[in-house]
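Protein chains: 2
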Amino acid sequence: MSELIEKLNWRYATKRMNGQVVPAETLDNILQAINLAPSSVGLQPYNVLVIGNKDVKEKIYNIANKQPQILESSHVLVFAAWEKVTAESIAKYIQLIASTRDIRVESLSAFHNSINGGILSRTEEVNFQWAARQAYIGLGHALVAAATEQVDATPMEGFDAAALDELLGLKEKGLRSVVIMTLGYRDNQNDPLVRAKKVRRPHEEFFIKI
Amino acid sequence: MSELIEKLNWRYATKRMNGQVVPAETLDNILQAINLAPSSVGLQPYNVLVIGNKDVKEKIYNIANKQPQILESSHVLVFAAWEKVTAESIAKYIQLIASTRDIRVESLSAFHNSINGGILSRTEEVNFQWAARQAYIGLGHALVAAATEQVDATPMEGFDAAALDELLGLKEKGLRSVVIMTLGYRDNQNDPLVRAKKVRRPHEEFFIKI
Numbered sequence: 001m002s003e004l005i006e007k008l009n010w011r012y013a014t015k016r017m018n019g020q021v022v023p024a025e026t027l028d029n030i031l032q033a034i035n036l037a038p039s040s041v042g043l044q045p046y047n048v049l050v051i052g053n054k055d056v057k058e059k060i061y062n063i064a065n066k067q068p069q070i071l072e073s074s075h076v077l078v079f080a081a082w083e084k085v086t087a088e089s090i091a092k093y094i095q096l097i098a099s100t101r102d103i104r105v106e107s108l109s110a111f112h113n114s115i116n117g118g119i120l121s122r123t124e125e126v127n128f129q130w131a132a133r134q135a136y137i138g139l140g141h142a143l144v145a146a147a148t149e150q151v152d153a154t155p156m157e158g159f160d161a162a163a164l165d166e167l168l169g170l171k172e173k174g175l176r177s178v179v180i181m182t183l184g185y186r187d188n189q190n191d192p193l194v195r196a197k198k199v200r201r202p203h204e205e206f207f208i209k210i
Numbered sequence: 001m002s003e004l005i006e007k008l009n010w011r012y013a014t015k016r017m018n019g020q021v022v023p024a025e026t027l028d029n030i031l032q033a034i035n036l037a038p039s040s041v042g043l044q045p046y047n048v049l050v051i052g053n054k055d056v057k058e059k060i061y062n063i064a065n066k067q068p069q070i071l072e073s074s075h076v077l078v079f080a081a082w083e084k085v086t087a088e089s090i091a092k093y094i095q096l097i098a099s100t101r102d103i104r105v106e107s108l109s110a111f112h113n114s115i116n117g118g119i120l121s122r123t124e125e126v127n128f129q130w131a132a133r134q135a136y137i138g139l140g141h142a143l144v145a146a147a148t149e150q151v152d153a154t155p156m157e158g159f160d161a162a163a164l165d166e167l168l169g170l171k172e173k174g175l176r177s178v179v180i181m182t183l184g185y186r187d188n189q190n191d192p193l194v195r196a197k198k199v200r201r202p203h204e205e206f207f208i209k210i
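In order, the protein sequence lines correspond to chains P and Z. All residue numbers for the first sequence refer to my numbering, where the first residue is 1 and numbers rise by one. All residue numbers for the second sequence refer to my numbering, where the first residue is 1 and numbers rise by one.
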C-alpha cells in the first residue's frame, strides 16, 4: 500500500475534535494545496475563508446543525464560489497570466476571447454551478493535504448557506458558500466513529473498466 | 516546502503526453485514492470509467475538441454522476454500511430516514448537480494522487457530454459524464506548457482570514 493510500485510510469524517490548534506552518501547507488545485481554464472562480476566530465559529455552529466539531475544530474553512463570472474577473486573470509569465497581454488574446466566449455566453446560474464544482476540486485537494499532514478534516454540506453568506458578508464580496470543512484533531475518547470501519463501494461496482 | 506541495508544483495541465503506459499498480493507487474520497453522507453517487482501449480513446478524442493528450494518454478517466438518486440506491448503501461494519440494518434506520428525507425531497436536477460535485471531490483526489505518483493528469470539461454519454452507454447505466481526466506522462519535447510558470491567484486575494 502506498503511503498516500495509508493516509487516506487513516482519515475519516471526524465528528468530534479535541480543540487542539493546527500549527501555522501545517495550516499553510493545506492552504497552499488548495491554491494549487487546478480549475477549468485556470480561473479559480472561488475563494476560501479561513476562520480561526472562536466567536465566528460559534455563530457558524448555530447555523450548521450544531455539529460539535465546528466548535472543537482548530479552523473552519468555507469554500465560497463566485456568484457571477464577469468580463472584468476574466481580464484580471489574463493580466495575471501575463505578469506571472512575463509575456504581453496581447499574446493571450486568442485564449482571452475563447474564455470570454465560453463563459460569458452562459447564464449566471450555470456559471455559479460551474464555479462551485471548481471549489470542490479545491476541497478534494484540502482533504488529501490534511490527511498527509495528519490533520483531521470533515467536509460538511449541512448548513444554512443563506445564513452563512449573511454572517460572513459574502454577498457583498460576490460570493456564495458551497461547502465547509473543519480542520483539527480527532477526539479519540468521544468520537463514536473513531474506530468505525471505512465504508466504500466495492471497486468492481465503482469503476467501469473499458 | 512539504513534499506534497513540491509534487503539486510539479504537476500542471499537461497538453501533450508521450504515450507511455501507467503501470497497473500505479494506476491502482490512483483509483484507490478516488474510491477513498469522501462524499456527502458517504453515498459516492458517481462512477468512474477507466478507459485504456485505444479505439475508445480515439472516439473520445473526436468529441473532446481533438485534444492530443487524449490519444497520447495511458488512460482516460470519465467521472460520471448518477442521473437520479433513488430510494433503492440509498437502501443499498445502508446495506453496505451494515455489512461492512457488521451491524444490523435496523440500527441504521434513523440515519437511513434522514438521508431519504434530505435527498428524495429534492428535484432530480438538484440531486444530479449535487452528485456531480461529489465526483469533483474524487477528481481532486485523483489529481493529488497522480501527482504523488509522478503521473501527469489533465482534467477536462471541454467535451460533448451528450455524445460521450451515448458513446459509453451511460444513459442505460443511469449516469451522465461530468468531467474527464487523462493520465500519462508529459511530452517534454512537444508540450509548450512544460516549462511555463504556474499561474495562481495570490494567497492574500484567494484566502480571506477571519
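Hints are computed from structural coordinates only; laboratory data are not their basis. Note that this is a predicted model, so its numbers are computed, not measured. Think of the CB as a built atom: it goes at the ideal place given N, C-alpha and C, for glycine as much as any other residue. Misleading hints may appear alongside valid ones.
[Claimed, not checked] Beta-carbon label-pair distances, calculated as ranges:
1) P:LEU167 to Z:SER109: 20 to 26 angstroms
2) P:PRO23 to Z:GLY118: 34 to 40 angstroms
3) Z:GLU58 to P:ALA24: 29 to 35 angstroms
4) P:TRP10 to Z:GLU205: 47 to 53 angstroms
5) Z:ILE63 to P:ASN53: 47 to 53 angstroms
6) P:ASN53 to Z:ARG104: 40 to 46 angstroms
Hint check results:
1. The hinted range of 20 to 26 angstroms is not satisfied by LEU167 (chain P) and SER109 (chain Z), whose Cβ atoms lie roughly 34 angstroms apart.
2. Taken as a hint, the range 34 to 40 angstroms holds for the pair PRO23 (chain P) and GLY118 (chain Z), whose Cβ atoms sit roughly 36 angstroms apart.
3. In this structure the hint that GLU58 (chain Z) and ALA24 (chain P) lie 29 to 35 angstroms apart at CB is violated, the actual value being about 50 angstroms.
4. Between TRP10 (chain P) and GLU205 (chain Z) the beta carbon distance is about 33 angstroms. The supplied range of 47 to 53 angstroms is therefore violated.
5. Here the CB-CB span from ILE63 (chain Z) to ASN53 (chain P) is close to 49 angstroms, well matched to the stated 47 to 53 angstroms.
6. Against the hinted window of 40 to 46 angstroms, the Cβ-Cβ separation of ASN53 (chain P) and ARG104 (chain Z) comes to about 43 angstroms, which satisfies the hint.
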